[in-house]
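Undergrad: Starting from the known structure of chain A, arrange chain B on it as the hints suggest.
Protein chains: 2
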Amino acid sequence: MSLDRLIEKIKEKQNPTVAGLDPKLDYIPGHIKEKAFARHGKTLEGAAAAILEFNKALIDALWDIVPAVKPQCAYYELYGWPGMKALHDTIKYAKEKGMFVITDGKRNDIGSTMEAYAAAHLGMVEVEGEKYAPFEGDALTVNGYLGTDGIAPLLETCREFDRGIFVLVKTSNPSSGELQDKPLEGKPLYRAMGELCEKWGASLPGKYGYTGVGAVVGATYPAQLHELRAALPHTFFLVPGYGAQGAGAADVAGAFDKEGLGAIINSSRAIMTAWKKEGCPPEDFAAAARREALRMKEELKKALLNSAKG
Amino acid sequence: MSLDRLIEKIKEKQNPTVAGLDPKLDYIPGHIKEKAFARHGKTLEGAAAAILEFNKALIDALWDIVPAVKPQCAYYELYGWPGMKALHDTIKYAKEKGMFVITDGKRNDIGSTMEAYAAAHLGMVEVEGEKYAPFEGDALTVNGYLGTDGIAPLLETCREFDRGIFVLVKTSNPSSGELQDKPLEGKPLYRAMGELCEKWGASLPGKYGYTGVGAVVGATYPAQLHELRAALPHTFFLVPGYGAQGAGAADVAGAFDKEGLGAIINSSRAIMTAWKKEGCPPEDFAAAARREALRMKEELKKALLNSAKG
Chain A
1 MSLDRLIEKI KEKQNPTVAG LDPKLDYIPG HIKEKAFARH GKTLEGAAAA ILEFNKALID
61 ALWDIVPAVK PQCAYYELYG WPGMKALHDT IKYAKEKGMF VITDGKRNDI GSTMEAYAAA
121 HLGMVEVEGE KYAPFEGDAL TVNGYLGTDG IAPLLETCRE FDRGIFVLVK TSNPSSGELQ
181 DKPLEGKPLY RAMGELCEKW GASLPGKYGY TGVGAVVGAT YPAQLHELRA ALPHTFFLVP
241 GYGAQGAGAA DVAGAFDKEG LGAIINSSRA IMTAWKKEGC PPEDFAAAAR REALRMKEEL
301 KKALLNSAKG
Chain B
1 MSLDRLIEKI KEKQNPTVAG LDPKLDYIPG HIKEKAFARH GKTLEGAAAA ILEFNKALID
61 ALWDIVPAVK PQCAYYELYG WPGMKALHDT IKYAKEKGMF VITDGKRNDI GSTMEAYAAA
121 HLGMVEVEGE KYAPFEGDAL TVNGYLGTDG IAPLLETCRE FDRGIFVLVK TSNPSSGELQ
181 DKPLEGKPLY RAMGELCEKW GASLPGKYGY TGVGAVVGAT YPAQLHELRA ALPHTFFLVP
241 GYGAQGAGAA DVAGAFDKEG LGAIINSSRA IMTAWKKEGC PPEDFAAAAR REALRMKEEL
301 KKALLNSAKG
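In order, the protein sequence lines correspond to chains A and B.
Mapping of the first sequence onto the working numbering: position 97 corresponds to residue 97, and the numbering continues sequentially without gaps.
Mapping of the second sequence onto the working numbering: position 233 corresponds to residue 233, and the numbering continues sequentially without gaps.
So here's chain A without its partners, still in its complex pose:
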């Protein structure tokens, strides 16, 4: 009912990294695509098959050193229902390997509709007495613009199935300040959203001090990351924007508490396309992903040590 399982996996691997699985076809080596297209044609099914094989190989290369994966729903919906099947199969495979899965859907709605999203991504659905887990993530990213009516339906599912959520608070993009930074009764909107996370999370306490309601806070805004870490002591952070969006390890140090917990840093492109950046043979893409993940782990470790010293 909290994010304790995620925290335990982070401790076990000594690595606060989540590998984003945003499988653009461009990221996938040619030999995987050729095989998939030979079997399914240049179709949505073919694209979905290539994505799944790519993801599985990445998971095989990362599961023992990276605690979590974060599939981004948009890149699966992009390939229609075959893409959604690849999302399901990716989640299933990552969980079989012991990874924590954060489904990045930024879903939002109210009442029974939000309950449907909660059941779809975190819980189970009943079909005439038979129960199914449609996607079965461990956590889901959500958007809190609709207020408590949009979040409360998730909390029940989190409690029942031992899941968590991450609410968008301060996002990593350049225009995130357009609304999120505007003063709302004397403090920025992102701060008001963050304080709601503390409130919503109170009913899902965890044994490491963090609740089941986390927050998305971008690495590209280190000052706000620091401010929010202090202001939201029970809210675990999912931090995008590291690497491709320009933030470095020093920028994310403020996301962590004194014990070096409290946050998980996402890397999608850098890990998935490490083979391109390295210029290694495409067949070696999974090993390149592992090398990048290990490099990132060390980089974060050093930044956290420096931060503790300073």
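For the record, the hints were derived by calculation from the structure and aren't laboratory data.
Possibly wrong hints are sitting among the right ones.
Treat identical chains as interchangeable: a pair holds within one or across any two.
Using 25 angstroms as the maximum straight-line C-alpha spacing, the simulated DSS-like pairs for lysine-lysine come out as follows [what the hints assert, rightly or not]:
1. Lys301 with Lys207
2. Lys276 with Lys42
3. Lys182 with Lys199
4. Lys131 with Lys42
Please read all numbers here as calculations on a predicted model, not as lab measurements.
TA: Frame of chain A, contents of chain B only:
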């Protein structure tokens, strides 16, 4: 590239109603479910087959009197990838019948990820030179909390494929005021979001005065609906909350302009479950849905006439 096609269908049918397709299994008559489960088992595939048959019958009963349908993604995701296939097939069927399809996904993200959602729901995706329309809605509901970075990627797709979007501005739920009503630089957050809609829409002008960027404004807040209609003259409104959420026809009159345009009112549960409310034989569900849609059409017509008089 605007919402002109929707407006033209509303004029043609003389009916500013969109039928929400939120197919909970409870809403579906037993004979449809039994047939689907006999064929597919009590599985996600069985549920999806029942949903599709139910939706098709509703579309058959409504297409000549109701201009648009609004499938709610959550109720399709709830049945996993078979549910997403039912969403695709529902959209395809409604479009074949000439209906305008608003995919209610409240999607949100940034940059290339938002482009992926745009292509998935409103545009096309390329697989090694072959092009596919993954879901092919005419419009998509979206959440603007991330600012312009979350909306700009959609505008290009709207222009290319003649589509539109509806941004959440003031939602119909009781707690929508928690954040949306709070003063942000002297005016409510919903008003700031609404003004962004005017700005975002400026690049997608339409011939009836409304752009391709609409707004979701709840029927349950008639005063705000009135205020926003005046403040956002180029923004078309999608209005949920009529019927099941307690708002009546008089409450939504303020959503319309002097020509009786400017808004489309959603009804989901009342149309889909008309057979239950009427107590008619379950086999008669589609005709009951049509009777309810005609009743609503007349009710809105009267309210608009009264509003024009007063």
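Undergrad: Would you mind marking each hint as holding or not holding in the structure?
TA: Taking the hints in turn, this is what the structure says about them:
In this assembly of identical chains, the alpha carbons of Lys301 and Lys207 lie at most 25 angstroms apart only when taken from the same copy (24 angstroms versus 58 angstroms across copies). For a Cα distance limit of 25 angstroms, the shortest separation of Lys276 from Lys42 inside one copy, 23 angstroms, qualifies, whereas the shortest one across copies, 46 angstroms, does not. For the identical chains of this complex, Lys182 and Lys199 are neighbours both inside a copy (21 angstroms) and across copies (18 angstroms), given an alpha-carbon limit of 25 angstroms. Only between protomers do Lys131 and Lys42 lie at most 25 angstroms apart by alpha-carbon distance; the minimum there is 9 angstroms, versus 35 angstroms within a single protomer.
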